[in-house]
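Participant: Protein chains in written order, with the working numbering: chain V, 1 to 288; chain C, 1 to 288; chain W, 1 to 288; chain X, 1 to 288.
No lab work stands behind these hints, which were simulated from the structure alone.
Remember, predicted model here, so these are calculated numbers, not experimental data.
All C-beta atoms, glycine included, are put in the ideal place defined by N, C-alpha and C.
Some clues are possibly wrong.
To give an idea of the chain C side of the interface with chain X (calculated C-beta under 8 Å), a few residues [to be verified]:
#, residue
1, Glu-122
2, Val-125
3, Ala-128
4, Val-129
5, Ala-190
6, Ala-207
7, His-281
Below are the chains, spelled out letter by letter.
4 protein chains.
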Amino acid sequence: MRNEWNIWVVGGDLRQVRLAQLLCEEGHSVHTWALERAEGVPEPMADLSEARLADCVVLPLPAAGEDGRLNAPFSEEKAELAGVLDALRPGQVVCAGRASPALLELARERELRLFDYFDREELAVANAVPTAEGAVQLALEELPITLHGARVLVVGFGRVGKLTAHRFQALGARVSVAARKWADLAWAEAYGYVPERLEQLDGSLCAYDLVVNTAPAQVLDAARLEQLEPDCLVIDLASRPGGVDLEAASELGLRVIWALSLPGKVAPVTAGRILRDTICHILCELGV
Amino acid sequence: MRNEWNIWVVGGDLRQVRLAQLLCEEGHSVHTWALERAEGVPEPMADLSEARLADCVVLPLPAAGEDGRLNAPFSEEKAELAGVLDALRPGQVVCAGRASPALLELARERELRLFDYFDREELAVANAVPTAEGAVQLALEELPITLHGARVLVVGFGRVGKLTAHRFQALGARVSVAARKWADLAWAEAYGYVPERLEQLDGSLCAYDLVVNTAPAQVLDAARLEQLEPDCLVIDLASRPGGVDLEAASELGLRVIWALSLPGKVAPVTAGRILRDTICHILCELGV
Amino acid sequence: MRNEWNIWVVGGDLRQVRLAQLLCEEGHSVHTWALERAEGVPEPMADLSEARLADCVVLPLPAAGEDGRLNAPFSEEKAELAGVLDALRPGQVVCAGRASPALLELARERELRLFDYFDREELAVANAVPTAEGAVQLALEELPITLHGARVLVVGFGRVGKLTAHRFQALGARVSVAARKWADLAWAEAYGYVPERLEQLDGSLCAYDLVVNTAPAQVLDAARLEQLEPDCLVIDLASRPGGVDLEAASELGLRVIWALSLPGKVAPVTAGRILRDTICHILCELGV
Amino acid sequence: MRNEWNIWVVGGDLRQVRLAQLLCEEGHSVHTWALERAEGVPEPMADLSEARLADCVVLPLPAAGEDGRLNAPFSEEKAELAGVLDALRPGQVVCAGRASPALLELARERELRLFDYFDREELAVANAVPTAEGAVQLALEELPITLHGARVLVVGFGRVGKLTAHRFQALGARVSVAARKWADLAWAEAYGYVPERLEQLDGSLCAYDLVVNTAPAQVLDAARLEQLEPDCLVIDLASRPGGVDLEAASELGLRVIWALSLPGKVAPVTAGRILRDTICHILCELGV
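Work the whole structure out from these sequences, hints included.
Facilitator: Given below as structure tokens:
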């Protein structure tokens, strides 16, 4: 790894701002574009003409906004992604988050070396921490009881499930974990949770004050929602299409919070630090 | 302890509501007054004429509102405490929270046996749990970083300090505890926190992302506040007059949250359960 | 799953004894053979003539002793595995632990359906708990300092590494975790350990009171051992050939404990319960 | 506090050795006597003639052995305590552990300023850590089950009870705490243990795999011991006369381990560090 990189940070929200600041603090040469309304960004540039000199150009997470253009809430620019990439040189390293097939194709056409940092396992793990904290925050805000002593069911025992269960237990909740695989249930038991087979969940659902879904399938369908106590809170952390039948929940009068993209919302500064770590890992592995 | 008590729950907020419900669910004979606007209270009574039959009359926490009358946010009644006590019989057991000298005198004049449940050690300990959770909630809401990895200083190591430090550490924060007594510092170390002598705090204050004060003295004066980083959050859990020089903090642009009476706010249902436990302990000890 | 199974438990140590007892307590029909010297085994049989009636025959962990015969420390029998299998019928379900290629071939020849429960992920996870406790016990016995405050390095972050790090941290040690993969290091950090890149370990090895190796490669070679403090304890939990250069350690005068097969030694009753769970999972999946 | 003290460390076991080493490493002028057979003690002196120059003379814990003389297992000397004190000057500071009335009187006669460090609260708290670890070690060694999942009852919730319960819970045991006071039970609950009233323990004693007594009264009398399961392990951490009816336990065939003075046995180096801290606190407070 070289001592100093030339990095352009283009577009994005507070996470990109923090990323730019951290890289700058560590002595790298950092330029920013399409972040001009943010406070404290290093070296805001008027255009992308010198971006082709960068060792790496970092696009935001997600790279494209709802309109398909560069995701740049801190900017007046409504830049097309194609235009951004046109400013770069063949072979240049570009890091982007949640790159769409269209973006990948644009990069391929221009012979850019595009890496989607959102695919990196270490970013997913690190992001599970703010996601779990976000779930704790929602539970603290919404429940009229303490988490201490609360009966909590965590559905799914992947990254987010593991760290969410850990935090609720740490706060004194009695945590059960529902999963399909025997090995996941063995893990759950080894960490001190009550293991519940997902297939046999039906009899015990009435026992919970809080259900947190982390599984990417519609686990909480109408039949299961009906078994919950009326004042049970449901937090769904699964990405689209989510794991809860929202219509059924609404008819039953259950409170369901579908919480997406928590890291950038609850801890943007930490999320920026996680981006920085991941970008550095990518560049180290490339020998840049 | 008798199988069934006759208990009157008079005035108060959600905690009193929950207290009444819990006692009712356990088979006691419960009547309520001045809670008529709350949902689901057992046996709302039109007047206090039969209250003199009760084994125990429970007044709220605090017993008196700002205006000195019965604290009764769920009621149209603006009852004088003297009037409430007039309905009772000499020798009757009355439980009240934070009874003022005036209330104690009124009770003495009427030969009532008034017990202030807010003086009970077990209630103070149990209430420290929702207080600590409230501090966690505020920190999660206000900080742009995760508590995981955050550097947290807890000042004071009494009930609230102990349980607050425990929860922040459980969430992955690096917790230091400042106290005066060697024994408190030994406790802090035994629980895995970094002990800091309160007298020698000055050099290290710049290291924290969050300072939670639980000591009942103005520990965070202007000189110490000046040493905090500008984006350090301060949460003051100390009751009046508080432990932070608010004026100095304001001048320095520091964010300070002075959080009082958290249990009733963040977890009224649990706080009602704690009331129930404490009332039962009092009645058990009296042999009622 | 049927209400009652007919199970034969053949040979083995206290774990098999406990397995037989647990299955019996749950209402299954249990017979034992080659456990006759153990106390409290259900239905010890004189020969294997009725074993062919069993729904499942359970051989021990490992199935074969050092001499290649049935591993049966609680028995006078020195039975050949071939002889044991001759008593069974084609198609019968046999569960065995660490089945050798020779045993697999014997079973194949007899058309037995042999399952190696030691290959099951959930058994490996569950066994990591007693392994981790065994490491804690060794550290408590050998170190003249408390684990509270001790500086512990766990090398490797697989099953045993995860649960070992968890327990040392729970006891107040300051735990670092060394691993190769970024994702493992992200996990380590998410659980509150100090992540250390295995490749860059060399500078920091002098800082530890205890090093626990769980990686299956010779991570602690002579060059690294030299950097340890003379009173640093090394516990190697890796199976053969182990992860420590024992010769170099001996020359340096370092204390190294190579601890193998801990579950059966430190918690045979729990290890028997784990066997039971795993056997039941296998039979459930087979629809027996 | 001065930069450098002149300290004499007289007699004692590994703890005194470690104390002397630590003070020496920190730059103090340290002399030792009656430790001549220990390895690595600083400045072993032939006699006490210069001890009167010391800022502080530290006698061991306990100061007197079984024979009433100086407790000095690392020495040939069989010194009378009176003789040791005769070498000192009036007004000199002496620190001793568990000073007997006889020793106090000897010191008074010679106008020495004797402080019993064993009376210091911070030493008692700090020593509760190695005591709790010793209890964990015993349980790991003796129980054939993992502590993970074990049902543990801790009797008493003072210093040792608190830290013992904490460690067993941290290792995954299901911990109940029995105490008399409502406030202690509220603490137990706040830390996540199941609270049990000591008076109402009788019905539930059969549920435990391990009972750890920390209360200084004979809580486990014959009637209660009878209710334990035969394979329940009892660890008594209470000092003389202990909290278990040993005769009754023996008749019932129960395993009882009465573990006294654990800190010096299980973690002498840490216990020496604790002595050092406490001696320093005493000297700081005296303004030496």
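Participant: So which hints don't hold here, by number, going up?
Facilitator: As far as the earlier hints go, only 6 is violated by this structure.
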